[in-house]
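**Q** Chain residues, written in single-letter form:
Protein chains: 2
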Amino acid sequence: MNHSTTKVGSETSEPLRYISKAEAEAIESELLKEYRFGPQQLIEIWGHACAIAITKAYPLSSMGRKQPTVLVVCGPDQNGCIGLVCARHLRMFEYEPTIYYPKRSSNGLHQDFTVQCEKMDIPFLSYLPTEVQLINDAYHLVIDAILGLEADPANVKEPYAGMLVTLKQVKIPIVSVDVPSGWDVDEASTEGINPEVLISLTAPKKCAASFTGKHFLGGRYLPYDIQKKYDLNLPEYPGTDCLIEL
Amino acid sequence: MNHSTTKVGSETSEPLRYISKAEAEAIESELLKEYRFGPQQLIEIWGHACAIAITKAYPLSSMGRKQPTVLVVCGPDQNGCIGLVCARHLRMFEYEPTIYYPKRSSNGLHQDFTVQCEKMDIPFLSYLPTEVQLINDAYHLVIDAILGLEADPANVKEPYAGMLVTLKQVKIPIVSVDVPSGWDVDEASTEGINPEVLISLTAPKKCAASFTGKHFLGGRYLPYDIQKKYDLNLPEYPGTDCLIEL
Numbered sequence: 001m002n003h004s005t006t007k008v009g010s011e012t013s014e015p016l017r018y019i020s021k022a023e024a025e026a027i028e029s030e031l032l033k034e035y036r037f038g039p040q041q042l043i044e045i046w047g048h049a050c051a052i053a054i055t056k057a058y059p060l061s062s063m064g065r066k067q068p069t070v071l072v073v074c075g076p077d078q079n080g081c082i083g084l085v086c087a088r089h090l091r092m093f094e095y096e097p098t099i100y101y102p103k104r105s106s107n108g109l110h111q112d113f114t115v116q117c118e119k120m121d122i123p124f125l126s127y128l129p130t131e132v133q134l135i136n137d138a139y140h141l142v143i144d145a146i147l148g149l150e151a152d153p154a155n156v157k158e159p160y161a162g163m164l165v166t167l168k169q170v171k172i173p174i175v176s177v178d179v180p181s182g183w184d185v186d187e188a189s190t191e192g193i194n195p196e197v198l199i200s201l202t203a204p205k206k207c208a209a210s211f212t213g214k215h216f217l218g219g220r221y222l223p224y225d226i227q228k229k230y231d232l233n234l235p236e237y238p239g240t241d242c243l244i245e246l
Numbered sequence: 001m002n003h004s005t006t007k008v009g010s011e012t013s014e015p016l017r018y019i020s021k022a023e024a025e026a027i028e029s030e031l032l033k034e035y036r037f038g039p040q041q042l043i044e045i046w047g048h049a050c051a052i053a054i055t056k057a058y059p060l061s062s063m064g065r066k067q068p069t070v071l072v073v074c075g076p077d078q079n080g081c082i083g084l085v086c087a088r089h090l091r092m093f094e095y096e097p098t099i100y101y102p103k104r105s106s107n108g109l110h111q112d113f114t115v116q117c118e119k120m121d122i123p124f125l126s127y128l129p130t131e132v133q134l135i136n137d138a139y140h141l142v143i144d145a146i147l148g149l150e151a152d153p154a155n156v157k158e159p160y161a162g163m164l165v166t167l168k169q170v171k172i173p174i175v176s177v178d179v180p181s182g183w184d185v186d187e188a189s190t191e192g193i194n195p196e197v198l199i200s201l202t203a204p205k206k207c208a209a210s211f212t213g214k215h216f217l218g219g220r221y222l223p224y225d226i227q228k229k230y231d232l233n234l235p236e237y238p239g240t241d242c243l244i245e246l
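Chains A and B supply the protein sequences, listed in that same order. Residue 91 in the numbering used here sits at position 91 of the first sequence, and the numbers go up by one each step. Residue 94 in the numbering used here sits at position 94 of the second sequence, and the numbers go up by one each step.
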């Protein structure tokens, strides 16, 4: 066995690297095509990591006597699907997620993840209140699983543009999945929503370099050779944890 | 929201139920058809739970200065596939798994899980040594992911019958996945291999009722309504753990 490639994190003192959109896409493509990971498998892993991060940032015990309500806002593509899986795991962790998923994907895999949530009696909202106070009062936090890596922040269409206007005004904490919605993947954002928590998946993106909130990385599954090929310099995950706070 | 169905484990003091093969198959069928879970998703969840159980039963620190070698023996069907996923996660937890997978499935999904292990440089043995001492010396433990729920213990074919003869003689601990190979799912076994650890998936099977070794249950993902429908009386999982020691 060749063990020279096995402990990338511990053998280097190089700093963690923040990757570009192109690199993130290349890694995902390599996972799918070379390593033959499946989208269903990866989305399950990512959504689970997001739910664990939320339990760390906002434990049930921190929510006092009120019901541990969480609004999970899901976009049309893969990021939204990660939100669905996150909601399902939050339900198993005894949170009370509610999903807002305005444009359902026609992709069969995404539909399967939707059915899993519906069958578990997780409520789906038919519209997002424009009266921000209603959101502040009804939920402890909002999960932003809207646009993610795929979207073009210069060309955010409806209903997402309007949703971002609403989310910029909410007073409850926002947790963003991988890339805060409306941010450019490759640049720090001064506009856009302002999450309190960011959950980077696989490796942090360039836009996260100046993020000052609570920052988690969920990427324990990533094969060592890919970590090395892209010089990710990932930190060592503690124990069997699927994520780490940076 | 209807919360009457949400905390099955905590609302009952009924004992954990050990389910039959027919019930286990009915639950799996319901997960796949009604809840639209995917096989890839379930196998990933199960294999991950197995790897976590192994880290709890045999932590790296318990293996002294020797390399933390684990022999993962994989059967031809779903149980073998769970073994492949378990091996992959063990690798990420810095164990050194070696896989013996004598009859590779022609199922594309199973092949994908195989490629993931190969690409991560996990070695595959081309044969199982019949000289038991070689196995005892080379590995700390053996993972039995051979026959599982699907197989008919009264009709174990080669190469598995021969492999079970070998595994009955090894002196290192055996960890069985879901159902110890060669056991009847519905009855306690007096013959067959004698695992030190059993990892039940979803719910424990009837054959596990008299098992006296270390017994883990990995089934945190199981929707509450299914738990209730089958009167499983599952214990409450601690924190966000995906498994519990019974």
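Errors might be hidden in some of the hints.
Here are the simulated DSSO-like pairs of lysine-lysine, each with C-alpha atoms no more than 27 Å apart in a straight line [unchecked claim]:
hint, chain 1, residue 1, chain 2, residue 2
1, B, LYS168, B, LYS33
2, B, LYS228, B, LYS206
3, A, LYS228, B, LYS33
4, A, LYS168, A, LYS66
5, A, LYS21, A, LYS206
6, B, LYS33, A, LYS103
7, B, LYS229, B, LYS21
8, B, LYS56, B, LYS206
9, A, LYS119, B, LYS119
10, B, LYS171, B, LYS157
11, A, LYS66, A, LYS103
12, B, LYS66, A, LYS66
13, A, LYS214, A, LYS21
14, B, LYS157, B, LYS21
15, B, LYS206, B, LYS33
16, A, LYS56, B, LYS119
17, A, LYS119, B, LYS21
18, A, LYS171, A, LYS214
19, B, LYS103, B, LYS168
20, A, LYS119, B, LYS56
21, A, LYS66, A, LYS56
22, A, LYS228, A, LYS33
23, A, LYS119, A, LYS33
24, A, LYS119, B, LYS33
25, A, LYS228, A, LYS214
26, A, LYS206, A, LYS33
27, B, LYS168, B, LYS157
28, B, LYS206, B, LYS66
29, B, LYS119, A, LYS228
30, B, LYS168, B, LYS56
31, B, LYS21, B, LYS33
32, B, LYS119, B, LYS206
33, B, LYS119, A, LYS33
34, B, LYS119, A, LYS229
35, B, LYS66, B, LYS228
36, B, LYS103, A, LYS33
37, B, LYS229, B, LYS33
38, B, LYS119, A, LYS21
In short, the hints are calculated from the structure, not lab data.
**Q** Taking the hints in turn, state whether each one holds.
**A** Structure-based check of all given hints:
1. Between B:LYS168 and B:LYS33 the CA atoms are separated by roughly 38 Å; this puts the pair beyond 27 Å, and the hint is violated.
2. For the proposed pair B:LYS228 and B:LYS206, the alpha carbon gap of about 18 Å is at most 27 Å, so the pair holds.
3. The hinted pair formed by A:LYS228 and B:LYS33 fails the criterion: a straight-line CA distance of about 40 Å is larger than 27 Å.
4. The straight-line distance between the Cα atoms of A:LYS168 and A:LYS66 is roughly 24 Å, inside the 27 Å bound, and the hint therefore holds.
5. Taking the CA atoms of A:LYS21 and A:LYS206, the gap is about 8 Å. The hint holds against a cut of 27 Å.
6. Proximity of B:LYS33 to A:LYS103 is assessed by CA-CA distance (about 24 Å); at most 27 Å being required, the pair is judged to hold.
7. Between the alpha carbons of B:LYS229 and B:LYS21 the distance comes to roughly 16 Å, so the proposed pair stays at or under 27 Å and holds.
8. The straight-line distance between the Cα atoms of B:LYS56 and B:LYS206 is roughly 24 Å, inside the 27 Å bound, and the hint therefore holds.
9. Note on A:LYS119 and B:LYS119: the hinted pairing is violated, with a Cα-Cα distance of about 36 Å set against a maximum of 27 Å.
10. With a CA separation close to 24 Å, the supplied pair B:LYS171 and B:LYS157 stays within the 27 Å bound.
11. With a C-alpha separation of about 30 Å, the suggested pairing of A:LYS66 with A:LYS103 is violated against the 27 Å cut-off.
12. The hinted pair formed by B:LYS66 and A:LYS66 fails the criterion: a straight-line CA distance of about 51 Å is larger than 27 Å.
13. A hinted pair counts as satisfied when its Cα atoms are at most 27 Å apart, and A:LYS214 with A:LYS21 qualifies at roughly 22 Å.
14. Using a Cα cut-off of 27 Å, the hinted pair B:LYS157 and B:LYS21 holds, with the two alpha carbons roughly 20 Å apart.
15. A threshold of 27 Å between alpha carbons decides the hint, and for B:LYS206 with B:LYS33 the separation of about 24 Å falls inside it, so the pair holds.
16. Between the alpha carbons of A:LYS56 and B:LYS119 the distance comes to roughly 32 Å, so the proposed pair goes past 27 Å and is violated.
17. Distance hint between A:LYS119 and B:LYS21 is fulfilled; the C-alpha atoms sit about 24 Å from each other, no more than 27 Å.
18. For the proposed pair A:LYS171 and A:LYS214, the alpha carbon gap of about 17 Å is at most 27 Å, so the pair holds.
19. At roughly 20 Å between alpha-carbon atoms, B:LYS103 and B:LYS168 fall within 27 Å of each other, so this suggested pair holds.
20. Simply put, A:LYS119 and B:LYS56 have alpha-carbon atoms about 32 Å apart, too far for the 27 Å limit, and the pair is violated.
21. This hinted pair checks out: A:LYS66 and A:LYS56 have alpha carbons roughly 18 Å apart, not beyond 27 Å.
22. Only pairs whose Cα atoms come within 27 Å are accepted, and A:LYS228 paired with A:LYS33 is accepted, the gap being roughly 18 Å.
23. Using a Cα cut-off of 27 Å, the hinted pair A:LYS119 and A:LYS33 is violated, with the two alpha carbons roughly 32 Å apart.
24. Between the alpha carbons of A:LYS119 and B:LYS33 the distance comes to roughly 11 Å, so the proposed pair stays at or under 27 Å and holds.
25. For a cut-off of 27 Å, the pair hint linking A:LYS228 to A:LYS214 stands: about 26 Å separates their Cα positions.
26. For the given pair, A:LYS206 sits about 24 Å from A:LYS33 by alpha-carbon distance, which is consistent with the 27 Å threshold.
27. As the CA atoms of B:LYS168 and B:LYS157 are separated by approximately 16 Å, the hinted pair is consistent with the 27 Å bound.
28. Between B:LYS206 and B:LYS66, the direct Cα distance comes to roughly 37 Å. Violation of the 27 Å bound is thereby established for this hinted pair.
29. Between B:LYS119 and A:LYS228, the direct Cα distance comes to roughly 14 Å. Compliance with the 27 Å bound is thereby established for this hinted pair.
30. Straight-line distance between C-alpha atoms of B:LYS168 and B:LYS56 comes to about 24 Å, which keeps the hinted pair within the 27 Å bound.
31. Restraint check for B:LYS21 and B:LYS33: satisfied, since their Cα atoms lie roughly 18 Å apart, inside the 27 Å limit.
32. For the given pair, B:LYS119 sits about 38 Å from B:LYS206 by alpha-carbon distance, which is inconsistent with the 27 Å threshold.
33. Between B:LYS119 and A:LYS33 the alpha-carbon distance is near 11 Å, which keeps this suggested pair within the 27 Å criterion.
34. A threshold of 27 Å between alpha carbons decides the hint, and for B:LYS119 with A:LYS229 the separation of about 13 Å falls inside it, so the pair holds.
35. Distance hint between B:LYS66 and B:LYS228 is unfulfilled; the C-alpha atoms sit about 45 Å from each other, more than 27 Å.
36. This hinted pair checks out: B:LYS103 and A:LYS33 have alpha carbons roughly 24 Å apart, not beyond 27 Å.
37. A hinted pair counts as satisfied when its Cα atoms are at most 27 Å apart, and B:LYS229 with B:LYS33 qualifies at roughly 16 Å.
38. Simply put, B:LYS119 and A:LYS21 have alpha-carbon atoms about 24 Å apart, close enough for the 27 Å limit, and the pair holds.
Violated hints, in rising order: 1, 3, 9, 11, 12, 16, 20, 23, 28, 32, 35; the structure is consistent with all others.
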